[in-house]
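> Whole structure, please, built from the sequences with the hints as guidance.
Number of protein chains: 2
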Amino acid sequence: MIRVVLVGPREAANVGMVARAMKNFGLKELVLVAPEIRDMSEAYRLSSRAHDVLERARIVPTLDEAIADCVLVAGTTARRRERYAGLAATPRAAAGLIRAAAARGPVALLFGRENFGLFNEELDRCHYVLHIPTAPDYASLNLAQAVLLVAYELFQSQAGALPETDPAPAASLEAYFRDLEAYLIEIGYTDPPRLPSVMRHFRRMAHKALLTEEEVRMLRGLLRQSRWAMGRRRD
Amino acid sequence: MIRVVLVGPREAANVGMVARAMKNFGLKELVLVAPEIRDMSEAYRLSSRAHDVLERARIVPTLDEAIADCVLVAGTTARRRERYAGLAATPRAAAGLIRAAAARGPVALLFGRENFGLFNEELDRCHYVLHIPTAPDYASLNLAQAVLLVAYELFQSQAGALPETDPAPAASLEAYFRDLEAYLIEIGYTDPPRLPSVMRHFRRMAHKALLTEEEVRMLRGLLRQSRWAMGRRRD
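For the protein sequence lines, the chains are A and B, in the order given.
Positions 1 to 235 (the working numbering) are the ones given, in order, by the first sequence.
Positions 1 to 235 (the working numbering) are the ones given, in order, by the second sequence.
Simulated from the structure, these hints should not be mistaken for laboratory data.
Just so you know, not all the hints are guaranteed correct.
One-sided excerpt, in silico: chain B residues whose CB lies under 8 Å from chain A [said to hold, decoys possible]:
1. Lys-23
2. Asn-24
3. Arg-49
4. Ala-89
5. Thr-134
6. Ala-135
7. Leu-141
8. Gln-145
9. Leu-149
10. Tyr-152
11. Phe-155
12. Gln-156
13. Ile-187
14. Tyr-189
15. Trp-228
16. Arg-232
Here are the simulated distance ranges between beta carbons [to be verified]:
17. Glu-55/B with Tyr-189/A: 57 to 67 Å
18. Ala-88/B with Ser-140/A: 25 to 35 Å
19. Gly-105/B with Val-198/A: 55 to 65 Å
20. Ala-139/A with Ala-93/B: 21 to 31 Å
21. Asn-120/A with Asp-64/B: 50 to 60 Å
22. Asn-115/A with Leu-219/B: 39 to 49 Å
23. Trp-228/B with Arg-49/A: 16 to 26 Å
24. Asn-120/A with Thr-165/B: 32 to 42 Å
25. Ala-13/B with Gly-188/A: 51 to 61 Å
Glycine included, C-beta positions come from ideal geometry on N, C-alpha and C.
Shown next as structure tokens:
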């Protein structure tokens, strides 16, 4: 199942056009994270015959809630150069793997705010950071157009080969990252100001590995055991 | 040069979104055929920073005028099954050839009316009839979305190999087709009611062949010579 997650959308018209674009390419599950929209009537007006997508849409307060059960998270950005914890790819290049992952469990496609896109902390939640290639002097795609193009690429692609792995859901990974953050400070590997940048590298490794639930348990066990051993040394 | 030709558009808002979609993927030449729009201000409002495309847009009264100089014409349709004089293809499959032809001369991409699309006679002008693959139960793309997806595919593709031919412009082909129509009636090959369907087959052959100007001259010469020979027999 492929889930479209709109983070902080502000305009009902865009949500309506997104519902339409999803339906054009067979996507049905829409989640809005903390939308800043009071009146959705314009969304219904513009979503001609895609009302069912809007009616089933869920609204959640945080991104974590939207992706907790997802085995793969792909975010979109118009910013080309920055380095995130996810692997950079075009929608076309990532489409096969996204489809393959969706056969194993829920996959989230994140689209950011109309004005600011996704924040870096949000992009750091992503296995893949998708950049839609556009003319360099006019890169601004609106929200519904970005959804349309990504949904189109997924529809066009066949499910690619997924590495021999059953990726852990985002909530498990986040629990591991929280453990690791605490541990890195505890052992003096880094300090709080540099922690976000260090964590970006660790997140990236985990995303590239498409860690399984079992592997996440092993890594958390390793952290626990390290702490235990430190405690013993101090005694 | 790739030209976007909107045939009979009715809503200024769509023209504005089309200008934007074109600019996203580096297309600059827009032609409106007999638009049914009185006030273009909504187009300007919605075309954020793509005003230059609208300002340079040409308005012409007939499709023939819009495509007369084009060496390749590709039309779009949501109707899958019908048989036209053009070769059916997806935008992705045709993109390489369209780019290659655009290196030789103007290429026209035709998009039809918001409600009815392109008429069959208009699709018969096309070398390629493009069908954008969508979910079967919800095929309705709006005008700007269709332009966005076709422009995106062209932007993504590299110029493919063009057969060793320098295709004749549409105006030359149309002159040949008019000669041929008259000739087919004259010699009793068909009758006026069946003529459109018969011509569709002849158009298709010409489109598949990507006839050169020289070849079109040869075919017209053949018709002339046949007429002359008939005249002699009657004497």
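> A separate judgement is required for each hint: does it hold in the structure or not?
Going through the hints against the structure:
no.	hint	in the structure
1	Lys-23	holds, 4 Å
2	Asn-24	holds, 5 Å
3	Arg-49	holds, 7 Å
4	Ala-89	violated, 14 Å
5	Thr-134	holds, 5 Å
6	Ala-135	holds, 4 Å
7	Leu-141	holds, 6 Å
8	Gln-145	holds, 6 Å
9	Leu-149	holds, 6 Å
10	Tyr-152	holds, 6 Å
11	Phe-155	holds, 7 Å
12	Gln-156	holds, 7 Å
13	Ile-187	violated, 47 Å
14	Tyr-189	violated, 43 Å
15	Trp-228	violated, 53 Å
16	Arg-232	violated, 58 Å
17	Glu-55/B with Tyr-189/A: 57 to 67 Å	holds, 58 Å
18	Ala-88/B with Ser-140/A: 25 to 35 Å	holds, 33 Å
19	Gly-105/B with Val-198/A: 55 to 65 Å	holds, 56 Å
20	Ala-139/A with Ala-93/B: 21 to 31 Å	holds, 27 Å
21	Asn-120/A with Asp-64/B: 50 to 60 Å	holds, 54 Å
22	Asn-115/A with Leu-219/B: 39 to 49 Å	violated, 58 Å
23	Trp-228/B with Arg-49/A: 16 to 26 Å	violated, 59 Å
24	Asn-120/A with Thr-165/B: 32 to 42 Å	violated, 52 Å
25	Ala-13/B with Gly-188/A: 51 to 61 Å	holds, 59 Å
Hint check: violations occur at hints 4, 13, 14, 15, 16, 22, 23 and 24; the rest are consistent with the structure.
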